[in-house]
Each structure stands twice: as C-alpha cells, then as structure tokens.
Amino acid sequence: MILSAEQISKRYFRKSGEANHFYAVKPLSLTLRPGTVTVLCGRSGSGKTTLLHMLSGLLTPTEGRVLLGETDLYRLSDKELSKLRNASIGVVPQARSVLDTLTVRENILLPSALYGTEDRSEEAARWMETLRIEGLADSRAAELSGGELRRTAIARTLCMCPPVILADEPTGDLDDENTQLVFGCFRKAAEEGAAVLIVSHESDALNIADAALRMDGGQLSALS
Amino acid sequence: MKCGSLAVKNLLRKPGRTAALVILTALLALSVFGGSVVVGSLRQGLRSLESRLGADIIVVPSSAQSKVSFQNMLLQGTTGAFYMDGENLERVREVEGVELAAPQVFLASLKADCCSVKIQVIGFDPETDFFVRPWIEQSYTRELGDLDVVVGSKVEAGVGEIIRIYDERCKVVGRLATTGTGLDTAVYCNLSTMKTLLAAAENKGVSHKVSSDESDDQISAIYVKVKEGYDIGQVNSKIQGHTRKCSAVRTKSMLTDVSDSLTAISRTVTTLIGVVWLLALVILVVAFVMIANERKREFAVLRLLGTSRAMLGGMILKESALCSLAGGVLGVLMAALLVFPFTTLIETSLGLPYLRPSAGAILTLALAALAATVLVGSLASSWASFRLSRVDPGTVLREGN
Amino acid sequence: MKRFSAGAAIALLLSAVIAVGSVSFLGPCVHEDGSFGSCHWAGQAMLGIGLLLAVLSLAALLVKDGGLRAGLLFAAAAAAVLGIFIPGTLIRLCGMATMRCRAVMRPAMTLLCALTAACSLLGGIAAYRKAGRGK
Numbered sequence: 001m002i003l004s005a006e007q008i009s010k011r012y013f014r015k016s017g018e019a020n021h022f023y024a025v026k027p028l029s030l031t032l033r034p035g036t037v038t039v040l041c042g043r044s045g046s047g048k049t050t051l052l053h054m055l056s057g058l059l060t061p062t063e064g065r066v067l068l069g070e071t072d073l074y075r076l077s078d079k080e081l082s083k084l085r086n087a088s089i090g091v092v093p094q095a096r097s098v099l100d101t102l103t104v105r106e107n108i109l110l111p112s113a114l115y116g117t118e119d120r121s122e123e124a125a126r127w128m129e130t131l132r133i134e135g136l137a138d139s140r141a142a143e144l145s146g147g148e149l150r151r152t153a154i155a156r157t158l159c160m161c162p163p164v165i166l167a168d169e170p171t172g173d174l175d176d177e178n179t180q181l182v183f184g185c186f187r188k189a190a191e192e193g194a195a196v197l198i199v200s201h202e203s204d205a206l207n208i209a210d211a212a213l214r215m216d217g218g219q220l221s222a223l224s
Numbered sequence: 001m002k003c004g005s006l007a008v009k010n011l012l013r014k015p016g017r018t019a020a021l022v023i024l025t026a027l028l029a030l031s032v033f034g035g036s037v038v039v040g041s042l043r044q045g046l047r048s049l050e051s052r053l054g055a056d057i058i059v060v061p062s063s064a065q066s067k068v069s070f071q072n073m074l075l076q077g078t079t080g081a082f083y084m085d086g087e088n089l090e091r092v093r094e095v096e097g098v099e100l101a102a103p104q105v106f107l108a109s110l111k112a113d114c115c116s117v118k119i120q121v122i123g124f125d126p127e128t129d130f131f132v133r134p135w136i137e138q139s140y141t142r143e144l145g146d147l148d149v150v151v152g153s154k155v156e157a158g159v160g161e162i163i164r165i166y167d168e169r170c171k172v173v174g175r176l177a178t179t180g181t182g183l184d185t186a187v188y189c190n191l192s193t194m195k196t197l198l199a200a201a202e203n204k205g206v207s208h209k210v211s212s213d214e215s216d217d218q219i220s221a222i223y224v225k226v227k228e229g230y231d232i233g234q235v236n237s238k239i240q241g242h243t244r245k246c247s248a249v250r251t252k253s254m255l256t257d258v259s260d261s262l263t264a265i266s267r268t269v270t271t272l273i274g275v276v277w278l279l280a281l282v283i284l285v286v287a288f289v290m291i292a293n294e295r296k297r298e299f300a301v302l303r304l305l306g307t308s309r310a311m312l313g314g315m316i317l318k319e320s321a322l323c324s325l326a327g328g329v330l331g332v333l334m335a336a337l338l339v340f341p342f343t344t345l346i347e348t349s350l351g352l353p354y355l356r357p358s359a360g361a362i363l364t365l366a367l368a369a370l371a372a373t374v375l376v377g378s379l380a381s382s383w384a385s386f387r388l389s390r391v392d393p394g395t396v397l398r399e400g401n
Numbered sequence: 001m002k003r004f005s006a007g008a009a010i011a012l013l014l015s016a017v018i019a020v021g022s023v024s025f026l027g028p029c030v031h032e033d034g035s036f037g038s039c040h041w042a043g044q045a046m047l048g049i050g051l052l053l054a055v056l057s058l059a060a061l062l063v064k065d066g067g068l069r070a071g072l073l074f075a076a077a078a079a080a081v082l083g084i085f086i087p088g089t090l091i092r093l094c095g096m097a098t099m100r101c102r103a104v105m106r107p108a109m110t111l112l113c114a115l116t117a118a119c120s121l122l123g124g125i126a127a128y129r130k131a132g133r134g135k
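Chains A, B and C supply the protein sequences, listed in that same order.
Mapping of the first sequence onto the working numbering: residues 1 to 224, in sequence order.
Mapping of the second sequence onto the working numbering: residues 1 to 401, in sequence order.
Mapping of the third sequence onto the working numbering: residues 1 to 135, in sequence order.
Here chain A stands alone, though its shape is the one from the complex (with noise of 0.2 Å):
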C-alpha cells in the first residue's frame, strides 16, 4: 500500500518574536512505496518527527492531504483512523512506549488485542526470538533496559506486520551488533512488502536505504 503525503506543513503560531508563525515542515510531496525503505536524515528540529507524526495520522497537517492508498486519513472520523492505524500504520516513536504495568508478550500483542483481531502469538514470538528479547516475555517494562525497551517497541509493531511503518530514531538506544539486527529487520519488512520510513542519524540506515532524504529547516531534499 502506498502512503503519499501531498504539499502537507504545518505551521504553528509563535507567541513572541517577529514573525507570528513558523513553518515546522514547509509544504512538502513525499511517496513511500511497498517493498522500499526510506531514510530521512537531518538536524535536531529540523522538523523529521512533526512530518512523521503527519504521516501516521497523529498530527492533523496544516495544509494538504496524506493519503494511504486512496484513502485521505484526515478525512477519517476519530474511530476511523485509530482502527486504520491499528491496521494499516506501525509507528516506532522516539520516546519510550513501553507499558509499564504490562509484560514485554503482552505489550507486543497489545495492538492485535486491541480490537481482537487475528492470535498473533507466534508472530511475536518470532520477532522476541529476532530481536533477542524472548527470555524477557514475561517481564514487566519496568524490569528492562532502554534497548530492550526500544526492541520491545520495535517487536510490537513489526508483530502486526503492518504496510507502513514509520520508525523514528529506532537504535537511539542500541549498541552497534543491536543497531544493526534492528536495521536487518526493516529490511526484512520492506522485503515482504512493507513500505519502510526510518528516521536516523546512523550511517548504518544509509546501507540498507533504497531512498534517503534530508530535512533542513522543514524542508525536504533528497541526499546526495
């Protein structure tokens, strides 16, 4: 499935200073096709997560559409969207999103358990195996370190094998043999179909990049 962002910003207003608005990501076209993975490099506020955000569906764009298939997600009703995001979005965020008061199986069967879909329990043991962390499924989030942490996120959505996944700084907290096990998997995604967006300041992503995109300033370049 094709996710395709068409001219999307997004501007926010500024209570003080000159200008009484910026621009956080200037109107910008960007198409994530299946079986590819994309990299989006770029500076700390450049603007990377507010367009992954607008990608997933959680953060309404100023101006234009973002479409997944032919369908625009932000014509959707609230009930729409989540249950397609459910199904059809695998975000990796950057900040730690792990459920405490769950273990590390039932936080990786979460999102099928959400709306009772389809037993996903081998699928998420096949990726706790993958991601090494299948000695901690029955662990409390409390319990593990920000690696196993950010692979227990990482196993929670490759688990529903959704056709987009955007992944915002998925090895922040990995080491190099991690990093690289991580990266191993998003291509393997994107091998079975996947459309795969990785923002990263690792040169390592660049390796298994069939795109890679610069952000400067919100706005979108390719990487030379």
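Hints may contain errors.
Claimed, not checked - 25 Å max Cα-Cα, derived SDA-like pairs, lysine to any residue:
| # | chain 1 | residue 1 | chain 2 | residue 2 |
| --- | --- | --- | --- | --- |
| 1 | C | LYS130 | A | SER139 |
| 2 | A | LYS188 | A | LEU213 |
| 3 | A | LYS188 | A | ILE2 |
| 4 | B | LYS9 | A | ALA113 |
| 5 | B | LYS204 | B | LYS225 |
| 6 | B | LYS118 | C | SER38 |
| 7 | B | LYS9 | A | LYS26 |
| 8 | B | LYS171 | B | THR128 |
| 9 | A | LYS83 | A | ALA113 |
| 10 | A | LYS188 | A | ARG126 |
| 11 | A | LYS83 | A | ARG96 |
| 12 | B | LYS296 | A | LYS188 |
| 13 | B | LYS14 | C | ARG129 |
| 14 | B | LYS9 | A | LYS188 |
| 15 | B | LYS118 | C | ILE91 |
| 16 | B | LYS118 | C | SER24 |
| 17 | B | LYS252 | B | ILE232 |
| 18 | B | LYS227 | B | GLU137 |
| 19 | B | LYS296 | A | TYR115 |
What the hints assert, rightly or not - Pair by pair, the computed Cβ-Cβ distance ranges are:
| # | chain 1 | residue 1 | chain 2 | residue 2 | range |
| --- | --- | --- | --- | --- | --- |
| 20 | B | LEU12 | A | THR71 | 54 to 64 Å |
| 21 | C | LEU82 | B | LEU345 | 19 to 29 Å |
| 22 | C | ALA6 | B | ALA371 | 43 to 53 Å |
To be clear, the hints were calculated from the coordinates, so they are not data collected in a lab.
Yeah, the Cβ is synthetic: ideal placement off N, Cα and C, and Gly gets one too.
Chain A is already provided as a structure; the job is to place chains B and C on it using the hints.
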C-alpha cells in the same frame, strides 16, 4: 486482551494507586450505608413504639420527675419506680369516654444475681390489660402464674431459667419479640407476683409506698383507651380534673417528642454524610486528574497504537467504575461490621427507639449505596477521562524526548 | 523467606487492640461495689488471648522460615477463633443486652478476633505457599 481486560490489568498491577481509590470510594459507601441504616432503624423504632403504645392516654403520678422517668423507661430502658394511689384507677374509669383503663405497677430490682444492672419489673393486670397482653400473647399464650415472668428481648434469660428479684425466685416462661424500645429491657409479671415482689423489696428495706398514704393499693401508671367518637383531648382534660396527684399525658405528644428528636438526628446524619461525600468527591476528582497527568504518556501510546478516543474514555470509566464497585462493596461490608454488631450500643447512645429494618430493606439500602458509589466514582473520573481522551499523542510523546 | 508478612503485621496490630481494649475501652463495666462479675473474667480471658495472639503474630513477623511462619500464623488463627467464643459462650456475660459487656465487649471482640483469624489465615496460607515454592 481488549480494553476491558487492559483496565483490569492496569488496576491489578498498580496496587497502591488502586488501593487508594478503593479506600476513598469505600468511605463514600460506608458513610451512606451506615448512616442510612442508623436513620432507618430509628424510623423503624418509632413505628414500633407507635404500634406498641396502643393507649391514647397514659396517666402517671403528677411529679415532674415521674413523667420524665416514665418517658426514659419507655425510650431508653432506664428503670423507674413511682407510685400513685390505686383509687385513681376507679376515678379514671368513671370518666365519660374512657373505654378501657389498665393499671401497671413498676418496680426497679436491685442488681440481679446475673449482673450489676437494675431491672425494670412491670406488673400488669391480665384481666384489664390491653397494652402488654397482645404482645405477650405472641410468645406465651397461657395465663401467667404466680412468680412467672416474661422477659423482654434484651434480658438474657432463657425460658425455664430462674431469675432472682429481691431474692424471690421467678421463673421465665416466655421471651418477648424485639420492639426496639425501652420495653425490651423489662421483666413482666401479673399483679399478684408484683405484690409478692413489693413485699420482698419492703423486707429488704426498699420502700415503695406513696409517702403520705398507708394504703397497700398502689399503681404506677394507667393506660387509657378512649371510646370511639370521643375527643381524646377532652377526655384527657376530664381525667386530669377527676384524679388526684396525677397527670394525664397524651401518647401522641410523647410520640411527637420522639419524632422531633429523630428528625434532628436524621438531619445531623444527613449533613455528616453530605460533608463526607463532598470531601471524598473533591479528593476523588483531584486524584483522578493527578493520575490522568501521570498516565498521559500511557494513553498517548494507546492512541498511537490505534485506540480511539471513545475506547480510551471507556477504558478509564471502566477502571474507575471497577474501583468504585470494589470500594462500594468494601464500604458496605465495613459499615455492616460497624453498625450491626453494635446495634445495642448505638441504641443506648442515641436514647431513642431503634429497631433494625427488615433484611429486604437493608439489602435495598446496600444496593442503593453501591449504585450511588459507582455512579459518583465514575462521574468523578469523567472529567479526567474526557481530558485524557483529547490528549494529542504526538505532543505527549515528544515531551519525553 | 525475608518478605514482610502483611497478614502477620495486621494480626499483631489487631491483637494489641484486643489485649489493651479488653481491659480498657472495650472491656466490661466495673461494678460499683467493687465486686467482679463473670464478665470481668471474660475480659481477663480476652486479655490473655490478645497477648497470646500478639506473641504469635510478632514471632511470625520476625521468623524467616516460611514453614515456621505459616505454623505460627495458623496457631494464631485458631487462638483467634477461640477468642470469638470466650465472651458469651464459654464465659457468661451480664443478663442485660444493654450492659457494656454485651453491647460493646462482645461485638468488638467478635469483630477483632474474626479479623485477626482471617488475616492470620491468609498470611499463613501465603507463607505456606511461598515456603513450598522455595523447596
């Protein structure tokens, strides 16, 4: 694991937070159920007293003390012994409009051998009595013989047991049904037994004579039933004029006194419940808002994973409803453990008729308390729930970066 | 087996209330003439039960062995059940329901002993299970 079971997991895996909410809501249920059982028991006690006081007018000796003493005897079960000339009975019977007039003689025992408390002994005339007999007949249908006594429900003596009053051995032949009034702590006998007991008391040096009168024939109170068609007030005034050193009291005015006290207590209890609810409600709302802030990230993650606002709101409501239900059950149980075993203590502290309502009525009160607690608990969380479901997950997830 | 036993701690607190209360604020009334009725001796018996319960639950709180802790707590539960039957059943109380011994002491002791028995029993079961798991 749908949102429902996620709510249960959230509650079970944050035991400290859950316990605090459960205790708060338990307080709500405890106060409303405990308070309403106490007020309900007082109402039931008043009804019981009304039905027990089958007389329209009660004549007691004219001293102010005897009137108070009689009322305390009826309401609190304290002992009273006051006497007037027996002639007054005939005088009352002569008054036009009097249908029945039944005498009673009171005696306060010294401490009985079983305990250190004085027991009120009430002698009645089985021939003319319409006050005690119908009540006694519920549990003992034969004639009371000499030195036979029937005991009120609060006197702990079984049928066949002997209790000693001024060293006279009296046989317990029956136990009376609970009325919730002071009548429950008395022992009842016929007039001839009473004469024996009075004589025994005399021998022990406890005089029960009317001070200026040497007559043997003394009574303590006369219960009067007025003929139909006669005005009770007028008959009351006539009795007052026709008797010597007596004062005639309309039972209705006595019941009004009790009813006034009951209203005052009900108002106090209601105010207290109101204060507790208001406080607990404020604390609950604040607690839910604080918890909501603490859980912002958790809810942002759930939104990210595809939980809709409605699902999220429903989950928070479910959590608070479950907490309030657990708190409600705990509170009702705690109230039951405090109010029911200590019925007698509450009764004696309040000094008013107190009779526990039927099991059905208590069950209804418990269910109502539970429903109110769950409703208020859920309402308290609804503001927090609304705010949380509007949280912008993108912003929240960024805050932690 | 180092974990703190909440059951034993609550039982200790309740038994202290039983022991102190049975001869003070929850005890039977004092006869004006200074004589002692049977209710007085029921109060004294409850003092004994309260002290026994306090010793058992304190010991349960201090010992580290799970099996021993379970045994102590089960013994406390049994003693608490005995406590329920002392005022009124095993030792007669006053003849009037409005007397302190019946209106206050008996319901209070029944309630406190029942709660102590429940806490000790639950604490005992928990300790027994943990001890079993440790083997």
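Now for the hints, and whether the structure bears them out:
1. For the given pair, LYS130(C) sits about 20 Å from SER139(A) by alpha-carbon distance, which is consistent with the 25 Å threshold.
2. Restraint check for LYS188(A) and LEU213(A): satisfied, since their Cα atoms lie roughly 21 Å apart, inside the 25 Å limit.
3. Using a Cα cut-off of 25 Å, the hinted pair LYS188(A) and ILE2(A) holds, with the two alpha carbons roughly 18 Å apart.
4. A threshold of 25 Å between alpha carbons decides the hint, and for LYS9(B) with ALA113(A) the separation of about 13 Å falls inside it, so the pair holds.
5. A hinted pair counts as satisfied when its Cα atoms are at most 25 Å apart, and LYS204(B) with LYS225(B) does not qualify at roughly 36 Å.
6. A threshold of 25 Å between alpha carbons decides the hint, and for LYS118(B) with SER38(C) the separation of about 17 Å falls inside it, so the pair holds.
7. With a C-alpha separation of about 43 Å, the suggested pairing of LYS9(B) with LYS26(A) is violated against the 25 Å cut-off.
8. Of the pairs offered as hints, the one joining LYS171(B) and THR128(B) holds, with about 23 Å between alpha carbons and a cut-off of 25 Å not exceeded.
9. At roughly 12 Å between alpha-carbon atoms, LYS83(A) and ALA113(A) fall within 25 Å of each other, so this suggested pair holds.
10. For the hint linking LYS188(A) to ARG126(A), the alpha-carbon distance of about 13 Å falls within 25 Å, and the restraint holds.
11. Distance hint between LYS83(A) and ARG96(A) is fulfilled; the C-alpha atoms sit about 22 Å from each other, no more than 25 Å.
12. A C-alpha spacing of about 33 Å is found between LYS296(B) and LYS188(A), which places the hinted pair above 25 Å, so the restraint is violated.
13. Annotation: proposed proximity of LYS14(B) to ARG129(C) holds, straight-line Cα distance about 23 Å (limit 25 Å).
14. For the hint pairing LYS9(B) with LYS188(A), the CA-to-CA distance comes to about 34 Å; that exceeds 25 Å, so the pair is violated.
15. For the hint pairing LYS118(B) with ILE91(C), the CA-to-CA distance comes to about 21 Å; that is within 25 Å, so the pair holds.
16. Between LYS118(B) and SER24(C), the direct Cα distance comes to roughly 23 Å. Compliance with the 25 Å bound is thereby established for this hinted pair.
17. For the hint linking LYS252(B) to ILE232(B), the alpha-carbon distance of about 10 Å falls within 25 Å, and the restraint holds.
18. Annotation: proposed proximity of LYS227(B) to GLU137(B) holds, straight-line Cα distance about 24 Å (limit 25 Å).
19. With a C-alpha separation of about 21 Å, the suggested pairing of LYS296(B) with TYR115(A) holds against the 25 Å cut-off.
20. For the pair LEU12(B) and THR71(A), the supplied restraint of 54 to 64 Å is violated, since their beta-carbon distance comes to about 38 Å.
21. Taking the beta carbon of each, LEU82(C) and LEU345(B) are about 24 Å apart, inside 19 to 29 Å as hinted.
22. Checked against the given bound of 43 to 53 Å, the beta carbons of ALA6(C) and ALA371(B), roughly 31 Å apart, lie outside it.
Violated hints, listed in ascending order, are 5, 7, 12, 14, 20 and 22; each of the other numbered hints is respected by the structure.
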